[in-house]
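> Assemble the whole structure, with the sequences as input and the hints as a guide.
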Amino acid sequence: SAAVVNARIAEQAIGNAAKLLDQVHGANEALEDAGPKISEALESITMDVRDANRLASSDQNVVAARDAAQLAIASGMEAQKGGDPLAALQQLGVAEARLDRVLEKYREHAEVTSRNQRLYDQQIQGVRHLVQRADSLVTANRGAMDTRPRTLASEAARYLADAEGLRRSDPEKALAALGQAGVLANEAIRVAEQQRNDFSWKNTSRRGGGIDVGSLILGGILGEIFDDDDDWRRRGGRGGGSGGLWGSGGSRGGGSWGGPRPGGSRGSFGGGFGGGGGSRGGGGGRF
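With the working numbering as the guide, the letters of the sequence shown map in order to residues 1 to 287.
Since the hints were derived computationally from the structure, they do not count as laboratory data. Check each hint, because a few of them may be wrong.
What the hints assert, rightly or not - Just the calculated beta-carbon pair ranges, DEER-fashion:
| # | residue 1 | residue 2 | range |
| --- | --- | --- | --- |
| 1 | Lys105 | Met77 | 39 to 47 Å |
| 2 | Glu43 | Val112 | 22 to 30 Å |
| 3 | Arg158 | Glu104 | 34 to 42 Å |
| 4 | Ala68 | Arg158 | 46 to 54 Å |
| 5 | Phe199 | Gly126 | 53 to 61 Å |
| 6 | Gln132 | Val94 | 52 to 60 Å |
| 7 | His129 | Glu78 | 17 to 25 Å |
| 8 | Asp84 | Thr113 | 39 to 47 Å |
| 9 | Glu108 | Asp198 | 45 to 53 Å |
| 10 | Thr139 | Ser58 | 44 to 52 Å |
| 11 | Ser57 | Asp198 | 13 to 21 Å |
| 12 | Pro36 | Gln123 | 15 to 23 Å |
| 13 | Glu40 | Gln123 | 34 to 42 Å |
| 14 | Gln80 | Arg50 | 17 to 25 Å |
Even glycine gets a Cβ: it sits at the ideal position worked out from N, Cα and C.
Next up, the structure:
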């Protein structure tokens, strides 16, 4: 019936009105949120524009994306003064995404560059110390080594100078040169110390193989003592006498130990301890 149809039309109208109210309410919320979001978007895209100017100002694709971003920035700033914030926010998002895409490879390179610079700064003092140590070691022991340590130390110093010169313009090459300087300096130190020690050992061995005057003197004294002892064994006590503590007998004029030689003959120890006479002579005790 007509009443039923009119009721359905009324229900639809009420439903549409509710949807419109929801949309209006949602639009109002979106407008309210758009203000802070525009501020955040403007700050973010402005940093991207700075990166574009710093990293790739000569790349035409980057330049075009940067110019589009600057137009979006202008629209966003106008929206903050009373324009359409939702449209401005959408424009800012598209422009920033485009600029991010063309800057990606440059940012990766910038991150690598920054990392290389940090590594360089961490290592430079240690490598300088190694190069200085190698140079000092070679200079102080110049007469004890051949040209190899000097060549290594000179090459290390050259690579260090290259690294210091490349630090700003090409940190990657600077870091590689710095590493090579450290390797060469360490090798120079190793070879120099080895050759210095070899030189010292050879000189010590050469001195040790020469004539030892002290040993000759001691050997002569001992030899004379043993010669006298042999002579005493051959001659002592053949005509032994009575003798006292040191002995006084003997055919060749015994006397005391170290005493005079009566009759001009060669003295001996005499009869020995506790009596005169030798092994072939008369009385007295035995040695």
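> Hint by hint, work out which the structure violates, then give me just those numbers in ascending order.
Hint check: 1, 5, 7, 11, 12 fail, others pass.
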